[in-house]
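The sequence shown begins at 1484 in this note's numbering and counts up by one.
Worth double-checking, as some hints may not be accurate.
Taking lysine-lysine pairs in the DSS-like style, the calculated list, with each CA pair at most 27 Å apart, reads [what the hints assert, rightly or not]:
#1 K1665 to K1522
#2 K1665 to K1586
#3 K1576 to K1522
#4 K1582 to K1597
#5 K1597 to K1558
#6 K1597 to K1522
To be clear, the hints were calculated from the coordinates, so they are not data collected in a lab.
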Amino acid sequence: MSKESFPGWHGTTIIGVKKGGEVVIAGDGQVSLGNTVIKGSARKVRRLSPGGFDVVAGFAGSTADAFTLLERLEKKLESTPGQLARASVELAKDWRTDKYLQKLEAMLIVSDGKDIFVITGAGDVLEPEHDVTAIGSGGNYALAAARGMMDSDRDAEQIARDAMAIAADICVFTNGNLTVEKIGG
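Start from the sequences and build out the full structure, keeping to the hints where you can.
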């Protein structure tokens, strides 16, 4: 099958919500190949603890590529304990300049409970403007839903869960089987 005719893997929605002194990162479980659901219970949100420093990360894109990036992030955190921003920038620089890493197709949302960042292969380390960020196939749906709930009395976890439910209702590449990790607070 040629690259042009290959339908491609789809199906990740990851959201990060920062509110009330805590950060919640939630991800759905769907992995699709073209129009076929391959797996409905993938775990795309992980807790990392390099050197006793807790970080939660969610990924969209190729799983193998994301795990490579998570391993690199852990190494960066081990060399800069407690400095998520610095480790994220170092990872983004490597990702942008290393010939091997440049080919990786994934995005990350990471948080230490205080800060939340999106890390991309374009060399970006983005801090969300409104304390909500999302990536993946249904990311824009989840982001819009969460932004609309930020002024409500819901906590970060309820906003993340409700936004993911809305995204799952709209995006065919997103399901309601969630992995949720909370940090901070």
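Results for each hint:
no.: 1; hint: K1665 to K1522; verdict: holds (24 Å)
no.: 2; hint: K1665 to K1586; verdict: violated (31 Å)
no.: 3; hint: K1576 to K1522; verdict: violated (33 Å)
no.: 4; hint: K1582 to K1597; verdict: violated (32 Å)
no.: 5; hint: K1597 to K1558; verdict: holds (20 Å)
no.: 6; hint: K1597 to K1522; verdict: violated (32 Å)
Checked against the numbered hints given earlier, this structure breaks hints 2, 3, 4 and 6; the rest are met.
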